[in-house]
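Participant: These are the residues of each chain, in order.
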Amino acid sequence: MENHALTRRVASLFADRLHTDVPAADTDLFETGILDSLRFVELLAALEEAFSVRIAVQDLEIDDFRSVSRIADFLTMKRAT
Amino acid sequence: MRQAEVRPEGTAVVMGGERLSYGQLDALSNQVAHALRAVGCRRGDRVGLLLRKSPTTVASLLGVLKADACYVPLDTASPSRRLAKIVAAAAPRVILTASGAGSLEYGALDRSVRIGWMDANRGATPLVTPAFTLADVRHMRTDAPAFANGPADLAHLLFTSGSTGEPKGVMITHASVVRFVEWARAYFGLAASDRLSGHSPLHFDLSTFDLFGTFSAGAQLHLVPPELNVLPHKLVQFMRESELTQWFSVPSVLALMAQLDVVRPGDLPTVRRVLWCGEVFPTPALRYWMQRLPRVPFTNLYGPTEATIASSYYTLPQCPGDDRDAIPIGRPCAGEALLVLDDALRAVAPGEVGDLYIRGVGLSRGYWRDPEKTAAAFRPNPEDPGDRLYRTGDLARVGEDGLVYFLGRADSQVKSRGYRIELGEIEVALQSLPGLAESAVIARSTDGFEGTVICCAYVPRPGVEVTPLMLRKDVGALLPAYMLPSEWKAFTGRLPRNANGKIDRRRIRDEWSRGDVATDARVREPREA
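Residue numbers (our numbering), protein chains in the order written: chain B, 55 to 135; chain Z, 101 to 629.
Read the hints as simulated data drawn from the structure, not as lab findings.
Any given hint could turn out to be false.
Computed, partial: chain Z to chain B, Cβ under 10 Å [as the list claims (entries may be wrong)]:
| id | residue |
| --- | --- |
| 1 | V228 |
| 2 | P325 |
| 3 | E327 |
| 4 | V330 |
| 5 | H333 |
| 6 | C419 |
| 7 | R517 |
| 8 | E565 |
| 9 | P568 |
| 10 | P580 |
| 11 | A590 |
We put the CB at the ideal spot given by N, CA and C, even for glycine.
Okay, chain Z solo, but in the shape it has when bound:
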């Protein structure tokens, strides 16, 4: 790592009381790489990271890359059955984990999977004997291991929600990450004096920009404790005390901070840029932020995981004049193209709605060990047979200003609090519950900070008593908390049908949005602070 030679004492990553300098980060990640090699990890192997966000976790992630392996970040809040599916699909050589990090059932793992226990002392010992512990790691050599991976090798596999109930692993190469980071470093002018937020969890690809954007500039990464998300005034206090220069998060967080009015006029004097990605940022909340921080540039980044971090950007020239102004997703980042096409993959006329495709340097190779889903989403470019187009599933149009505008989804994927959720995955989980005759999951948009609310309409089996509490508990064993419906409604008989006899999700959604559906659980308006 070049920065370790340039600024060995300089702070690389901080969280609470734990800090690693560039020298320490380099040495510890080298040690992790040697430890992985020592237990048989070879080029191209996958290594699962089931660890809470921390400086040591960041060093572990870098260590995986230095061992020529590919990291697979695992959500520590995910239920064990979903984790088990992802682990089985990724087939890692090693899983790095620690006490209190997730609920993986070690007994059910393939016996060839080795465990690296990254607790300083053994803490609560896992059920299986780890192949090595953090104490062992600290005894390894600190010099850099020989590195063989090149730009075309996999850097990470990121698992996202799949509409058929199976999470999909998006394969991302070193080249794709490097190309985005190079563009972003130049565009945003990242420098060693920067102090960047590390807000997004490691299983979101936005975190790759936080990490590699920071380290490529020799800057400081300030990891944001995840629980601060529930208390916006603590979050803004964190931004002040960390003297951040860049804040990068998802709109739901920024919108909640705006709603509770936690930013004072003239607040956050160190902040030089605010970025968001992952979902639409409601214009009223954006206007609040831009009025509070009038000298700060605000940039909307857009792009699915399949095209690596972000593929387009739009920096607002000034504060929008009206709450109803649409904010474009903008223009492509270097080396990428955004295409609005019809069903025959021909460009639609300017202003017309079409399917949004992405081509260029950010495109994933496809889904891990799933050629069928890969072929469905990554199409050959009709104008250049050697090239590929990724179908985002988003609808878009090109405006008169030449900028691209996002217009919603062509399918039933939704974004909620930055998470990308296939409603189909929730329905598959619900259908596996014995107490339900029928169920349908719909998403209701709201204007408030909560954005999209996931709702479940269900019909219990005759003679079976089913409550939302029971359903939520049962389905919570299959899905992470952010995918669980927050509104529930029991129907009698059967769910509304359309002319084709299929469940009419649109009608259910429209009735729900109009308030015609009396829900069993109300989502309440937040109180004034």
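Here chain B stands alone, though its shape is the one from the complex:
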């Protein structure tokens, strides 16, 4: 349930900060071109700010950012540690 709320928050972050309506929580953000190198950097900054987490680029795995729901999972994990 909590993760559901988090997914919604990530989706609204895409809307507010990247001006992008992601069609579904499992939409592949790379395949659809929604995330490219420039916007990925913007997304990381927005996530750090909105969720008070510190994200080190060299620790990132592509699959953690493949969809909105994967990002929510990643944030959940990040906050637990």
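Please arrange chain Z on chain B, whose structure you already have, making use of the hints.
Facilitator: Structure of chain Z alone, referenced to chain B:
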């Protein structure tokens, strides 16, 4: 394919867990050719490739050529309406596609278009019944089909952004590709021991050099998974683990890797050359790379799609001494000429700015089924009536060193992350939205890795609520993601006008660049890694 006889077991193309040897690549591409022939594909027909980059896709592309057809690569990330325009213009006999590859509306296709479904099993079945599947392809004969195409036949049609909103199909012949590849193979010394990157997507013409450069040398092609582009440390890890000898990409990728400092001193010992093409490589990022890989030659390739892959080259003799040094686009490749001319097509004096024209073996025949645009861009050579000159739209000068220097655009075409974008195509798409009274698209250059940032100034219709989110969504149904403006600003009343009453894009751009325009969306500086 000669390499299949010389080294049938040798690796031809790899991506992740999928690998094809030269023998397998030859056999599979022969089978694709037989399958295409079996559904009525004939010499001169077009075949659309709506497929994600993979070894099987590479075999499909070769199969199209072996069937005497012309391939039309389609961007799987393109929205369905733009894909539909390109498909309608290209009028393909067959489209090769698979599940998860793009969003073409099959129901809206001309009924004569046959679908080849290149999934190993049917996977998510398309809405129409495919004429054949990959399983059928694998039952076809593996011997080479009889080949009739010659140097003057079309190898591919590449669709690029058009300023009037309609993508233009650039016609490229086998001869043009072969001439470039022959020059490049000799100049770069490509050999069977090489391991080349396949970084560029198939709808960029740089990919033709990756493919045919590799295969002509009997080397290995290592396709780079596109999503690695967002994580530079993964990209450099890929280069290390694949033990690449050649890296060929666009400057935005190299610049992002430099900005995040992912290359260690003495890193990438297997790399023997680094090439880039498609846009200006910022000198600070180039210096970073040359300092990190001090023994590696770095080559700038330059050339529009209309002149096939690249028309000129410049290999740096040493690392530039200053961040402000201009890197020339250099001298012409074999069989080509770069001319800096005035409006009357006369050579300008050395050092003077003029329009850059290209002539020679790389020139496209023109735009597919568009004699008007062809005549506007391809002019008769006044000094040789049988010859043609291609107007690049770039401004250039010839330096005292005899090298050509790129000085920007004469029109509103921009390069962003390697993509060639006509701002006019974005404006046409915006003008079709009912909520806007006015809009203008400008490009703002930045010094950072993001290069050119596309910005949209707009005035909503009275009484209509419009947000950047809504605009981006609506225009995203018409344009691919890389063409969408990343900064938006609503104006009230009307957009600034110049003395002639036209929208003053220069003023909007200058104000935007100076930071006088408060944008609704900030492009933020990347964090330290």
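Participant: Hint compliance check: list the failing hint numbers for this structure, sorted ascending.
Facilitator: The structure breaks hints 1, 6, 8, 11; every other hint is satisfied.
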